[in-house]
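**Q** Sequence:
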Amino acid sequence: MDEFKYLETLRARARHDEAQAIHNAEKHAEKRRDEHWRSVVADVVADKDAVIADKDAENEKLRQMIASLQANIKNQNQS
Numbered sequence: 025m026d027e028f029k030y031l032e033t034l035r036a037r038a039r040h041d042e043a044q045a046i047h048n049a050e051k052h053a054e055k056r057r058d059e060h061w062r063s064v065v066a067d068v069v070a071d072k073d074a075v076i077a078d079k080d081a082e083n084e085k086l087r088q089m090i091a092s093l094q095a096n097i098k099n100q101n102q103s
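In terms of this note's numbering, the sequence shown opens at residue 25 and continues consecutively.
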């Protein structure tokens, strides 16, 4: 009888250990998946930020050109 209880205890422990190992593997996989997608999103955001910065620089250059042209027109009208 004691041997039977001992074997049942071992089986229960084995089931628990297996369940724990599966749970830990799933958590690890979840964490890796989340890290991967955070990285993907960060890369996309960085690319979009770079495009926006380029457009902002281009817009600033155009504003300066317009201001220069307006100043030239004003000077010509005053002459």
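These aren't lab readings, by the way, just hints derived from the structure by calculation.
Among the hints, a few may not be true.
Derived pair list, reagent style BS3-like, types lysine-lysine, alpha-carbon separation capped at 27 Å [what the hints assert, rightly or not]: (1) K98 <-> K85; (2) K51 <-> K72; (3) K72 <-> K55.
**Q** Is the straight-line distance between the alpha-carbon of K72 and that of K55 27 Å or less?
**A** holds (26 Å)
**Q** Hey, K98 versus K85, does the alpha-carbon distance stay inside 27 Å?
**A** Satisfied, since the Cα-Cα distance of roughly 20 Å is no more than 27 Å.
**Q** Would you check the hint for K51 and K72, treating anything up to 27 Å between C-alpha atoms as holding?
**A** With Cα atoms ~31 Å apart, K51 and K72 exceed 27 Å; violated.
Going down the numbered hints, you'll see the structure goes against just number 2.
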